[in-house]
Structure formats: structure tokens, C-alpha cells
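J.: Please construct the entire structure, taking both the sequences and the accompanying hints into account.
Residue numbers (this note's numbering), protein chains in the order written: chain P, 1 to 194; chain F, 1 to 162.
Keep in mind that the hints were calculated from the coordinates and are not lab data.
Nothing here was measured: the structure is a model prediction, and the numbers come from that model.
Errors might be hidden in some of the hints.
Stated by the list, open to error - Computed, partial: chain F to chain P, Cβ under 8 Å:
{"no.": "1", "residue": "Pro11"}
{"no.": "2", "residue": "Thr22"}
{"no.": "3", "residue": "Ala24"}
{"no.": "4", "residue": "Asp40"}
{"no.": "5", "residue": "Ile41"}
{"no.": "6", "residue": "Val54"}
{"no.": "7", "residue": "Leu141"}
Cβ coordinates follow ideal geometry from the N, Cα and C atoms, glycine included.
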Amino acid sequence: MSADGTVQSLATRAAAAFSAYRDGEVRAMDELVDLLTPVLWHTARAQNVPEAVAQDAVQTAWLRLVENAERIKDPQAVMGWLIVTVRRETWRVNKAHGREDHDIDENLTDAIPDPSTLVLRREGHRVLWAHFQQLPQNCQALLRVIAFADRPDYAAVSESLGMPVGSIGPTRGRCLAKLRTALANDPAWEGGAL
Amino acid sequence: MSTDRDLAAQPLDDVDTTILDTIAETFRAADPVPAGLTEDIKFALTVQALHAEVAELQRVGAESALARSEYTHTQTLTFSAEALSVMVTMSPIDADEVRVDGWVTGHDFPVRVELRAGSRTVSAEVDEDGRFTLDPAPRGLVRFVFLPEGDVRPVITPTVEI
Chain P
1 MSADGTVQSL ATRAAAAFSA YRDGEVRAMD ELVDLLTPVL WHTARAQNVP EAVAQDAVQT
61 AWLRLVENAE RIKDPQAVMG WLIVTVRRET WRVNKAHGRE DHDIDENLTD AIPDPSTLVL
121 RREGHRVLWA HFQQLPQNCQ ALLRVIAFAD RPDYAAVSES LGMPVGSIGP TRGRCLAKLR
181 TALANDPAWE GGAL
Chain F
1 MSTDRDLAAQ PLDDVDTTIL DTIAETFRAA DPVPAGLTED IKFALTVQAL HAEVAELQRV
61 GAESALARSE YTHTQTLTFS AEALSVMVTM SPIDADEVRV DGWVTGHDFP VRVELRAGSR
121 TVSAEVDEDG RFTLDPAPRG LVRFVFLPEG DVRPVITPTV EI
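T.: Below you can see the structure in the form of C-alpha cells.
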């Protein structure tokens, strides 16, 4: 999918819904919630917090959006604004709950996907997942969030996560390059068949 | 690591797209958005469509930060908004419930307070001295909603754990 393709990127569809909402179309906010909640959910959960913390952070970010709707100059930036806000709220909520160490251990178990629920039917998927889990934590978080946006949004999302790719255009970036190198060096990967 | 650097500067190709799609598919199955989350958000936004103001959490009682998992300590939270300020004190009843005593200041209009904990809502009228009591109130992640009478914005607090 290219930036000038017929299918609009997630950030662009979000921008359209946000503009409609600001023009007084109240229902457009529901559409925006449906569009962006998945990418925001994974933004929060990529910070290794329990489900309850992630739910609260995502919900609070939406409330903040309505509070600050007039301050967002460029509707195209609304997705990035929400991602940044969810990250901050996730940190805040997790901190505010003042969880003790044993609580963290107990509550974190539900932050790690259960392998038995994974849909890793094909060998290629299993190889990919194994190498993904070897990546540094910040790379796993970045790729997890990116995966729920569209490719033209890559640069903007990376920047929202504090890991700018540092060039114009959708270049691969450090984390995806690491993953590609690891896969290329694994005979089980078989040249990228998924 | 020059290989990594070269790879990083290249444009995304079809294999990258397939990799990212597979990562999304895996997380979608392993850690789905909880059922009801988008509906909860829409509900909260509806409350906010009443032009409710999100209060700032000003202060958490020092004793509560250290004794969260114990049931024997009181906990005090302070919220402030343009329309009003609130201090709430939670006194433990048991593992599931607390008594909430609140004091609303800075307002000169009647206010109703609601405590929302998931699908459970407990409400009370704030008396003329600004005091209210919710007894019993459920423990857990909750929000307080203050609904003033007349032409004043309702106030909703961030979620707090009580």
C-alpha cells in the first residue's frame, strides 16, 4: 500500500473522522474510537502493564482528546497525539496505582501473550515470532504498535513512540532491520516465505 | 552492524509489510482489545459531551501509596477542577468495599455525585455543607462524576484505585 494508493492510511481516515467531529458531527467520534482503539490498546499493552491499567490509560486519553480537541491544529496529527497521550497516561496510571513488587509480578502475567492462544499455524510465523521475542523491548513495542497502523503512518508512529526513523519516507528503521537480519541468518526462515 | 544500518535506511518492501501483518495477526489473537472497551469509551465520551471537565488528581494521601494492598488504612485523594474541588477519604470496610466520605468546595450550587466502578454506579447528593457519603462503595478502579444542577459543567475524575 503506498501513500498515494486508493486505500487511505489509518492516520488519514482518523483525520477525516476527527475533522467531521470538530465540524459538529457528533457520531464521527464513535467512528474515530472504532478506528484507533486497537492501535492505542497495543500502545498501552506494549508497555507491559496489566489489562486494567491499559484500559484506563486508553479511556483517559480519549477524554483528554475531547478536552483538547481545539488545540490540535492538524487533524492528520490526531493519531500521533493519541499515541503520545496513551503512553503518558499508561505510565501515570501504573505509577499512581503504586503497585508493590509482588503485585507487579502477579499482574504482569496477563500482559504476556499466552503462547497457547497464538495463531502460529505456519512454520514461517513461528520462526518470525521466535525472532521477534529476541528483539530489545523497545523494538518489540515499536513494531507491535506500527503493525496496527498502516505503512504510510510508519514514520509518524515511530516519532510518537519517541523512536523517530530519522529520514523522510517510509524507511525500514533500526528495529525492523534487526529483525530482517536475524531472519536472514536463520536457515529455518527459507528466504522470507510466510 | 553496518548491515543493520544499510537495511534500516532502505524503503519498506513487501516482506516488511508481510512481517508487520503477521505481527498484528499474532497480537490480535493473543491480546485482543477487551470486549466492551470501545463501548466504555463511547460512554465516557457521552458523559463528556455534557461538557464535563476532567479533574486533576492533586494529591494522594501519603499513607495510601505505601499501604495499597492492606485493608486497614484510610486513603485520601484530592481532585481539583475549575468548577469545584473535592477531597475524598476512603475507609476500608472489607476486601471488596469501602466507605467514601467526601467534601466538595468552591461551588455554590447543588451537586449530585456518582461513583462509577465498571457497570456499578453508586450515587449521593452533596449536602449544603459540601459533604457526601457513599457507603458502601465498591473497591477497584473507579471514577467520580459530579453533576451540578443548572448551567455548570459536570466534573469527571481520572480513574483511581480505591
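J.: Each hint should be assessed against the structure and marked as holding or not.
T.: Evaluated hints:
1. About 6 Å separates the beta-carbon of F:Pro11 from the nearest beta-carbon of chain P, less than 8 Å, and the hint is met.
2. Checking F:Thr22 against chain P: minimum C-beta separation of about 6 Å stays under 8 Å; hint holds.
3. Satisfaction of the interface hint for F:Ala24 is found here, the shortest Cβ-Cβ separation to chain P being roughly 4 Å, below the 8 Å cut-off.
4. Evaluation of the F:Asp40 hint against chain P yields a held restraint, the C-beta minimum of about 6 Å falling below 8 Å.
5. Checking F:Ile41 against chain P by beta carbon gives a least distance of about 5 Å; that is within 8 Å, so the hint holds.
6. A hinted interface residue such as F:Val54 counts as satisfied when its beta carbon comes closer than 8 Å to some beta carbon of chain P; here the least separation is about 5 Å, so the hint holds.
7. Taken as an interface hint, F:Leu141 checks out: its beta carbon lies about 6 Å from the nearest beta carbon of chain P, inside 8 Å.
Of the hints listed earlier, there is not a single one the structure fails to meet.
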